[in-house]
Amino acid sequence: MSGAGYKTAPVEDSISKVNDELAVGADLKFQRRWWFFERCVWVLFLLIVIADLLGCFGRGYFSHAAQKGPAGVMDIQYERIERFSTPSILTVHFGPNAVRDGQIKLWASGSLVKPLGNQRVIPAPSSSVLENGGVLYTFPASPHPSSVEFALEPATFGAFPLTLQVPGTDAVNLKIYVMP
Amino acid sequence: MYTIIHAILGYLFLLLTIRVLSRRPGGQLTPFEFVIVFLVGGVIILSTTGNDRSETNTVCAVLTIGLMHRSVSGLKQRFPKLGAWIDGTPLVLLKDGEWQEEVMKQMRIQDTDVMAAGRLKSAKSLSEIKYAVLERNGGISIIKAKK
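Same order as they appear, the protein sequences are chains A and B. Using numbering that gives the first Met the number 0, the letters of the first sequence correspond one by one to residues 0 to 179. Using numbering that gives the first Met the number 0, the letters of the second sequence correspond one by one to residues 0 to 146.
Ranges between beta-carbon positions, derived for each pair:
1. Ala-65/A - Thr-16/B: 35 to 41 Å
2. Phe-78/B - Tyr-60/A: 42 to 48 Å
3. Ser-53/B - Arg-79/A: 29 to 35 Å
4. Gly-96/B - Val-10/A: 28 to 34 Å
5. Lys-123/B - Leu-53/A: 51 to 57 Å
6. Phe-36/A - Ser-126/B: 31 to 37 Å
Just so you know, these hints were derived from the structure itself, not from any lab. The beta carbon of each residue, even a glycine, is placed where N, CA and C say it ideally should be.
Using the sequences plus the hints, can you model the full thing?
Structure (structure tokens):
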């Protein structure tokens with residue numbers, strides 16, 4: 000017994016030898032498997048980088064999307080693939096048919112605020128009211144309105160549906176994927 | 000919670016990335032040890048520039064990485080095969096005056112790398128070297144031929 004309470008053990012020649020004289024512990028069979036695995040990993044890494052360059056993980060060509068709403072009411076430009084805690088802009092372009100009594104009303108489902116993390120609306124609405132599990136925004140508008148921007152910053156990741164609707168017209172349903 | 004998950008995933012991802020980078024001759028650290036150097040630095044940057052810049056966030060991240068490192072270290076000791084996957088195994092580059100070409104090519108090592116290691120052992124030419132072994136930390140060990 001040693002002082003620390005552990006037994007001592009005789010040294011065994013457990014390391015494999017080269018030419019029966021040099022203990023190296025080489026394992027070429029394992030190494031060949033590793034080299035194959037290494038090549039597979041690098042191919043995977045390359046594919047991930049290419050996918051990212053194309054915007055498959057957000058902030059690129061394939062992540063930009065546009066959705067047409069009812070004719071003359073609204074069109075939407077957004078990022079179909081967002082990133083967790085990363086700012087982006089969702090733009091709603093209104094047409095003349097969206098204006099009623101000098102104002103535009105836009106209902107957004109609750110997912111706009113949480114989990115998509117709407118930080119602010121530009122321009123600021125004259126009112127925003129909680130309604131039907133979402134928010135009803137009211138904007139003063141001229142007969143030829145332009146657009147409203149929502150600054151998003153997702154607070155969690157996953158796939159989230161988002162519905163936008165000018166009351167009295169068809170709703171526009173979007174699906175937004177938020178990458179971790 | 001996100002910080003801890005990010006730290007664990009970051010540790011595992013960096014461990015894999017550094018491991019597949021291959022060993023370079025002259026390296027002093029094993030890929031396993033490189034993980035700590037890179038990831039702690041990376042986490043500090045993340046916590047500095049990210050949304051949560053609190054001390055709590057930074058401390059939790061560093062503690063998570065420390066625990067991961069200790070756990071993997073323990074697993075390596077318990078399962079030697081896992082150690083081979085994480086740190087690799089030594090490889091013979093030169094044996095009895097013959098290059099092991101498959102290993103040299105796959106590990107991207109040149110004869111000049113071996114000779115550089117040989118000079119540190121007072122070898123004047125490659126013919127004086129009997130064995131050259133690429134160690135797990137990227138260093139090259141030289142066993143000279145007996146005269």
